[in-house]
Amino acid sequence: MADNYDDDISLTDYTLGQDQLEKIENILTKDLVDSGVHSVLLIDMAGNIIAKGDSGRYEHDLYSLAALASANFAAVDTMAKIVGEDEFSLLFHKGENESIHFSKVHSEFLLITIFGKEISLGLLRLKVAEAIEKIKSVWSL
Amino acid sequence: MAFVNLKNKEVQAKVVFYGPGRGGKTTNLEYIYNKFRDRIKSDMVSIKTHGDRTLFFDFLPFDIGKIMGYDVKIQLYTVPGQVKYNATRRLVLKGVDGMVFVADSMVEQREKNLLSLKNLQENLTIYKKSIFKIPLVLQYNKRDLEKQGIPVMPLDMMEKDLNSQLKVPYFEASALAGDNVINTLKKIISLTMASLQNVLK
Amino acid sequence: MASDDDRSVTDYTLNQVQLERIEKILDSDLVRSGINSVLMIDMAGNIIAKGDNGKCNHDVYALAALASANFAAVDTMANIVGEDFSLLFHKGEHESIHFSKIFNEFLLISLFGKEGSLGLLRLKIAEAVEKIKSVWH
Numbered sequence: 706m707a708d709n710y711d712d713d714i715s716l717t718d719y720t721l722g723q724d725q726l727e728k729i730e731n732i733l734t735k736d737l738v739d740s741g742v743h744s745v746l747l748i749d750m751a752g753n754i755i756a757k758g759d760s761g762r763y764e765h766d767l768y769s770l771a772a773l774a775s776a777n778f779a780a781v782d783t784m785a786k787i788v789g790e791d792e793f794s795l796l797f798h799k800g801e802n803e804s805i806h807f808s809k810v811h812s813e814f815l816l817i818t819i820f821g822k823e824i825s826l827g828l829l830r831l832k833v834a835e836a837i838e839k840i841k842s843v844w845s846l
Numbered sequence: 549m550a551f552v553n554l555k556n557k558e559v560q561a562k563v564v565f566y567g568p569g570r571g572g573k574t575t576n577l578e579y580i581y582n583k584f585r586d587r588i589k590s591d592m593v594s595i596k597t598h599g600d601r602t603l604f605f606d607f608l609p610f611d612i613g614k615i616m617g618y619d620v621k622i623q624l625y626t627v628p629g630q631v632k633y634n635a636t637r638r639l640v641l642k643g644v645d646g647m648v649f650v651a652d653s654m655v656e657q658r659e660k661n662l663l664s665l666k667n668l669q670e671n672l673t674i675y676k677k678s679i680f681k682i683p684l685v686l687q688y689n690k691r692d693l694e695k696q697g698i699p700v701m702p703l704d705m706m707e708k709d710l711n712s713q714l715k716v717p718y719f720e721a722s723a724l725a726g727d728n729v730i731n732t733l734k735k736i737i738s739l740t741m742a743s744l745q746n747v748l749k
Numbered sequence: 073m074a075s076d077d078d079r080s081v082t083d084y085t086l087n088q089v090q091l092e093r094i095e096k097i098l099d100s101d102l103v104r105s106g107i108n109s110v111l112m113i114d115m116a117g118n119i120i121a122k123g124d125n126g127k128c129n130h131d132v133y134a135l136a137a138l139a140s141a142n143f144a145a146v147d148t149m150a151n152i153v154g155e156d157f158s159l160l161f162h163k164g165e166h167e168s169i170h171f172s173k174i175f176n177e178f179l180l181i182s183l184f185g186k187e188g189s190l191g192l193l194r195l196k197i198a199e200a201v202e203k204i205k206s207v208w209h
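Heads up: the sequence lines are chains Y, C and E, in that order.
The opening position of the first sequence corresponds to residue 706 in our numbering, with each subsequent residue numbered one higher.
The opening position of the second sequence corresponds to residue 549 in our numbering, with each subsequent residue numbered one higher.
The opening position of the third sequence corresponds to residue 73 in our numbering, with each subsequent residue numbered one higher.
It is worth saying that the hints were derived from the structure and are not from the lab.
Just so you know, not all the hints are guaranteed correct.
[Unchecked claim] Here are the simulated DSS-like cross-link-like pairs (lysine-lysine), alpha carbons at most 30 Å apart as the crow flies:
id	chain 1	residue 1	chain 2	residue 2
1	C	K695	C	K676
2	Y	K841	C	K555
3	C	K715	C	K695
4	C	K583	C	K596
5	Y	K839	C	K666
6	C	K695	Y	K728
7	E	K196	E	K122
8	Y	K809	C	K676
9	Y	K799	E	K196
10	Y	K799	E	K163
11	Y	K841	C	K676
12	E	K122	E	K186
13	Y	K757	C	K695
14	Y	K757	C	K557
Could you build the full structure based on these sequences and the hints that come with them?
Pasting the structure below:
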C-alpha cells in the first residue's frame with residue numbers, strides 16, 4: 706500500500722502573504738501594464754489565478770483564459786516529454802491586434818501577458834524577463 | 549490544490565467531473581450553467597469535437613459565496629470520457645480538490661463504469677492522491693431512461709460495483725432533466741470545503 | 073450509438089486509394105527530406121495517416137490526442153481574445169514540432185531535429201499540404 710499520499714485537500718505550498726501579493730501585483734502593474742501590456746496573469750498549474758494586472762481597457766474572460774492556458778501548457782509539456790524533450794520554449798501566439806505571450810516562472814507557474822501593437826515583442830520579452838526575476842525574489846523561489 | 553489569496557480573502561478550489569464517455573459529465577455542467585446563469589459571470593468554456601464529444605475539458609467557474617470570511621470560487625471541470633483521451637484526461641486532473649464520478653446507469657455501460665473508475669484511481673495516484681481520501685461523490689446518471697423503457701442497472705448493483713469500498717455519498721440523477729444535479733454539486737462543494745476548512749484553521 | 077468522431081463525418085472522407093496516396097506523400101516528401109516523424113490527424117485526435125524514419129518509438133496515439141487538444145485550446149484562447157492565432161510550432165533543443173492545418177478538418181504534425189533549415193522544412197511541409205489537398209479532387 707503506498708505510503709506517499711497527500712491525502713487531505715492540499716493547499717498550495719505557496720500561500721502568499723498579503724505583503725508578498727501586493728508586491729507582486731505592483732510588479733505586474735508597474736513593469737508590465739504601465740509599459741503597455743493590456744492584461745497580465747500569474748497562474749499556477751491548476752489554473753488558479755494568483756495575481757493579475759489590467760489596463761482596464763480590455764474586457765477578457767481572464768478566468769477562462771487561466772484555465773485554458775494552464776491545461777494547454779500541461780498538454781504542450783507532455784508532448785515535449787513524449788518526443789524526448791524536457792520542455793519546449795513556448796513563446797507566443799501572434800494576433801492581428803492582440804498577441805499572447807507565455808513565460809514560465811519557476812516550474813509551477815505561468816506568466817501570461819496580453820499585449821497589442823503599443824509594445825514590441827522584443828521589449829515585451831525583456832520586460833517579462835525582468836518582471837519574472839523580481840517576482841522570484843519577492844517569493845524567494 | 550486549493551489556492552488561498554489572503555489579500556483578497558479568496559479561495560479557489562477545483563472540482564472535476566469524471567466518468568465514462570457519454571455518461572453525462574458535460575450535461576451536468578450545462579445544467580448548472582443554465583440554472584445559475586444570473587450568478588455566473590463568465591461563459592462556460594467547452595473544448596469539444598465536431599461530434600460534440602468533450603475533447604479537452606469543459607470549464608465553469610462558480611462563485612459560491614462566503615465561507616469563514618473567504619470568497620470561495622469553485623472551478624468546475626469535466627474530462628473527456630473516451631478511453632483514447634487518457635493523456636489529456638490526466639492533465640485536467642492536475643491540482644484537483646474534489647471529484648464527482650458520473651456513472652452511466654445503462655446496462656451496457658457497466659463495464660465502462662468500472663474501467664473508468666479504475667482509470668480515475670490510477671490517474672489520481674500519479675498525483676499522489678488516493679481515491680479513498682479525496683472528496684468524492686458518486687452520481688448514478690440517466691435514471692430517467694427507465695421510464696422510457698430502456699433498461700438501467702438496479703441501484704444496489706451499481707452501489708456494489710462502484711461504492712462497496714469507497715462508501716461515499718451517492719445520488720440517483722438525470723442530468724438532462726436536472727434531477728439531483730444541484731444536490732450532487734452541493735454535496736461535493738460541502739465535502740471539498742469541509743476538507744479545506746480543516747486546513748484553513 | 074456510433075461515435076461521430078471515429079470516422080471523418082465531413083466531405084473529406086477518404087478511401088483506401090486516397091489514404092495510400094497520402095501516406096506516399098508523407099513518406100517521399102517529408103520523411104525523405106529530414107522530417108523524423110509525421111502524423112496526419114483529425115481534429116478529434118484520430119490518426120489518419122503517418123510516416124516516420126524508422127527510428128521513432130514515441131507514443132503517437134497520446135501525441136495525437138494531446139496535439140488536437142493543444143490546437144483546440146489555442147483556438148479557444150484566440151476566441152476569448154478576439155483574435156485568430158495560427159499555432160506554428162514548438163521549438164525544443166533536439167526535437168521540434170510543427171503544426172499545419174489541412175482545410176479545417178485535419179492537422180499535419182511534423183517532428184524534426186536540428187538537421188536541415190527550418191525555412192526549407194516549412195516549405196516542404198507547405199508543398200506536402202497542397203499535394204494532400206489535391207488528393208480530394
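Open item on the list: Check whether the Cα positions of E/K196 and E/K122 lie no farther apart than 30 Å.
Closed with: 16 Å, holds
Open item on the list: Need the status of pair C/K695, Y/K728: alpha-carbon distance at most 30 Å?
Closed with: 60 Å, violated
Task: Given hint C/K557 paired with Y/K757 - CA-CA distance at most 30 Å - done: 15 Å, holds
TODO: Sort out whether C/K666 lies within 30 Å of Y/K839, counting only the CA atoms.
DONE: Violated. Y/K839 to C/K666 sits at ~44 Å, over the 30 Å cutoff.
Open item on the list: For Y/K841 and C/K555, compute the direct alpha-carbon distance and say whether it is at most 30 Å.
Closed with: Roughly 19 Å separates the two Cα atoms, so the pair holds.
Task: Restraint status (C-alpha distance of C/K715 to C/K695 at most 30 Å) - done: 28 Å, holds
TODO: Given the hint that Y/K809 pairs with C/K676, test it: the Cα-Cα distance must not exceed 30 Å.
DONE: 23 Å, holds
TODO: Please work out if C/K695 and C/K676 have their alpha carbons no farther apart than 30 Å.
DONE: It is violated: about 42 Å lies between the C-alpha atoms, which goes past 30 Å.
Task: Restraint check for Y/K799 with E/K196, where alpha carbons must lie at most 30 Å apart - done: Holds. Y/K799 to E/K196 sits at ~23 Å (cutoff 30 Å).
- [ ] Could you grab the alpha-carbon distance between E/K122 and E/K186 and see if it respects the 30 Å cut-off?
- [x] 21 Å, holds
Open item on the list: With the threshold set at 30 Å, check whether the alpha-carbon distance from Y/K757 to C/K695 stays at or below it.
Closed with: 50 Å, violated
- [ ] With a cut-off of 30 Å on the C-alpha distance, tell me whether C/K583 and C/K596 pass.
- [x] 22 Å, holds
Checked against the numbered hints given earlier, this structure breaks hints 1, 5, 6 and 13; the rest are met.
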